[in-house]
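Trainee: The chain contents come next:
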Amino acid sequence: MSDTRPQGQPDEAMVDLLIKQVTEGLSPAEQRALDVMDSELATAYLRDLERAAAGVTLAGSTGGEPLPAALSARIAQQAAEHFAAAEHSAQPSNVADLSEVRTAAAEKARVQPPVAPSPAPMRARRFGGYGWLAAAACLVLAIFGWERSPPPLPLPPVAVVPPPPVAPRLPAQPAPPTAAEERAALLAKTDTLKIPLGATKDPAAAGVSGDVVWDPVTQRGFLHFAGLAPNDPAIHQYQIWIFDAGRDKRYPVDGGVFDVPANAGEVVIPIRASLMVRKPAAFAVTVEKPGGVVVSGREHVVALGATS
Amino acid sequence: MSPSVLQRIASGDPAAVRECIDQYGPLVWSIARRLSRTPADAEDATQEIFLDIWRSAGRFDASQGSDKVFIAMIARRRLIDRLRKTSAEPPMDPVEALETIAWADPGTACETSIECEQARRALAELRPEQRQVLELGLLHGLSQTEIAARLSMPLGTVKSFMRRGLIKVREFMNVDAERVSARI
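Same order as they appear, the protein sequences are chains A and B.
Heads up: the first sequence begins at 322 in the working numbering, then just goes up one per residue.
Heads up: the second sequence begins at 26 in the working numbering, then just goes up one per residue.
Pairwise CB distance ranges (calculated):
#1 B:185 / A:395: 40 to 50 Å
#2 A:391 / B:44: 11 to 21 Å
#3 B:111 / A:570: 42 to 52 Å
#4 B:177 / A:352: 26 to 36 Å
Source of the hints: derived by calculation from the structure; they are not laboratory data.
Backbone N, C-alpha and C fix where the C-beta goes; we use that ideal spot for every residue, glycine too.
Build out the structure end to end from the sequences listed, making use of the hints.
Mentor: Structure below.
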C-alpha cells in the first residue's frame, strides 16, 4: 500500500484545503487554488483524510436508527432499475473489440438521450505486483509533470451500420479482422514489443491488468485489459498516452480515447498514435472528459506500463 | 476469504443489493440525517448515496479497507457536496443535541470495522476540545467558522485542532493499513 505513496509531505496550505474539502467542501476559488498544487500528493493525502473522516464518522455512529421502510423500498426499486439498465447495456461478448464498442456507443448516442452513468464494474479487483507499482510510481511522477500535450485524436470514424441486404448478389466479403485478431497477428511478429500494464493507486484502477503490444515499424499497437471499470461515454472516456523517449516527457503522444462497456471482461483497444513514436518508453491510460483532453486534469491515471 | 457485500454487488449478485441496503441502510441513514438540513433532504441524500454505492461497488478494494468505511466515505462525499450546494443554514441537528453524541466504545458499533476501532483509539488520545472540534465538524457538518462561533474559539485554533485531530486519526489508520498491506 505504501510503496506507491508519493514522496514528501503536503505543505500547510494544501493540508488546510484538503481538510476543508473533506469536512465542508471547497469554494470555487479554493478548488482552483488546490488544482495548481501537486495533484499526486493531494490525491493521496485526500484519500487518507477521507478514510480518517469516515473512521471518525463510524466511531460516532453508535447504533443508528433503522432505515424507514418506505425509503428502503424506494432504494431497492432504484437499485433494480439501475441494474436493469446496466443489464440492458451489457455486451454479450467476453472479449470486446473496441471497434465494436465504439460503434455500439455511437449507435446508442444516436438513438437514445444520455442516460444515467454506467453501473459499477462487475468484478473484484486487486492491485498488481509491487515491483510493477514501484515503476508505475515513477511514471506517475512523469505523467503528473506534463503541462501540455498534443490535441487528442478525435474518435475514429463510426463504423456505418450496413443496410439490410437487398439480395445476395455478390460473394460475401471476408469479415475484417477484429482488434483481438490484429493484436494476435502483431504478436507473431518479431519486432513487436509486449509491455505489461498495471494499475496505479487511483481507486478507479484497482484490479486493472493487461499489456500493450506495439509495432515500432508500422506504428500500430493494441492495449489489452482486464479489470478496467466500465465508463459512460457521456460522462468520461479513457485516453491513451505514449511516452516517447525521443520527446520531452511532459508531452506524451496522444493515443486516442476509448470506452469500456459494462460486463466487457477483457478488452482489446487499438492505439491511434497522433504522432510518430520513435522509441516508446511507457504507455498510460487516464480518465478524461468525453472526447479526451489537450491538457489533462491529471486526476485519474488508471494504468501504466514501461518498456524496461 | 468470502467476498464482501460490495464485491458481490460488483460481480452481479442481486441478493447482495438487498443485503447491502439492510446492512448499511441504518449507517447511511444516520449519517444522512446528521448532515442534512431537513428529513426530506436526508431521504433524498440517502437515495443518492445508495446510487453512488451501486455505481462504485466495482471500485471497492478490500485490501484498502472495509465495506463499511468505503460506504461511509461515499456517504460523506455526497452529503458534503449537497451541503455545499445548498444554503448556509446548519444541518438539522438542534444545537442542544450536539452534546449528546457518544463515541463508540470497543465492542459496540466498532466491532465489525477495524477502521472504526482505529479511529476510536486515535480520538481517545486527543484533548477533549480537539475531539469536540472533530465531532462538530465531522459528525454534525458544521463549518470551521460555525465551530469557531459555537465554541467561542479563534478560527485559527479550530483549524489547528481539526488538522491535528484528523492527522492523528489518519496516522492510526495508515499504520494499521500498512501492517495489513505488508502481510499480503
